[in-house]
Amino acid sequence: MLIATNGKSTEVDYFDGLKQEPWVRSRVVVVLERGSPVDLVRGAARRRQRDDFDEAWAVCDVDHYLTTPATREAVAADVKLAWSNPCFEVWLLLHYENCTRYVENAKKARDLLRKHDPDWDKTALNFDRFRNRIEDALRRADRLDPPPKSNPSTSVGQIIAALR
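With the first letter of the sequence shown counted as 1, position 118 gets the number 118 in our numbering; the numbers rise by one all the way through.
Just so you know, the hints here were simulated from the structure itself, not pulled from any lab data.
Watch out, some of these pointers could steer you wrong.
To be verified - Computed list of lysine-lysine pairs in DSSO-like fashion (alpha-carbon distance at most 27 Å, straight line):
1) Lys8 x Lys122
2) Lys80 x Lys122
3) Lys115 x Lys80
As the list claims (entries may be wrong) - Restraint-style ranges between C-beta atoms, simulated for each label pair:
4) Asp63 x Pro22: 29 to 35 Å
5) Arg46 x Arg101: 37 to 43 Å
6) Arg131 x Lys108: 21 to 27 Å
7) Arg114 x Arg143: 19 to 25 Å
8) Ala162 x Glu97: 21 to 27 Å
9) Glu55 x Gln20: 17 to 23 Å
Computed from a predicted model, the values in this text were never measured in an experiment.
For glycine and all other residues, C-beta sits at the position ideal for the given N, C-alpha and C.
Required output: the full structure, derived from the provided sequences and hints.
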């Protein structure tokens with residue numbers, strides 16, 4: 001499985017930690033693709049074909065992007081999308097709490113994370129702090145309205161399901 005992200009630290013660190021879990025059933029390669037969600041989907045599709053991955057995921061933040069172009073590109077390229085609105089940190093926050101209130105932006109999401117982990121640093125994610133809370137995050141994410149339109153929302157849990 002290929003997991004492509006445009007988050008240079010947080011997402012890469014999380015999925016690099018996750019792929020070490022004993023229950024992960026497939027080989028996982030995590031790659032960084034720069035640019036917009038459309039660029040990310042295109043990069044994932046290229047790598048999937050070039051390196052012969054059975055499955056490719058693009059982990060995208062809604063941030064300020066329109067989601068329809070990336071969604072269309074993903075369908076055409078057979079790349080699965082894991083949206084988080086407004087950002088990936090919503091998925092991390094769900095490891096700690098049931099977040100249902102509107103999250104203005106990534107900075108606000110990081111501030112909410114620091115309430116649970118005062119040492120939180122987006123440039124050096126410690127996966128051990130999340131490892132034993134994945135089931136909580138899955139349960140909480142399932143209670144939210146689906147992304148990409150709803151805020152907060154995330155479909156990162158679909159990647160977890162695909163890894164089992």
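Against the structure, the hints:
no., hint, in the structure
1, Lys8 x Lys122, "holds, 10 Å"
2, Lys80 x Lys122, "holds, 25 Å"
3, Lys115 x Lys80, "violated, 32 Å"
4, Asp63 x Pro22: 29 to 35 Å, "holds, 34 Å"
5, Arg46 x Arg101: 37 to 43 Å, "holds, 38 Å"
6, Arg131 x Lys108: 21 to 27 Å, "holds, 25 Å"
7, Arg114 x Arg143: 19 to 25 Å, "holds, 23 Å"
8, Ala162 x Glu97: 21 to 27 Å, "holds, 25 Å"
9, Glu55 x Gln20: 17 to 23 Å, "holds, 19 Å"
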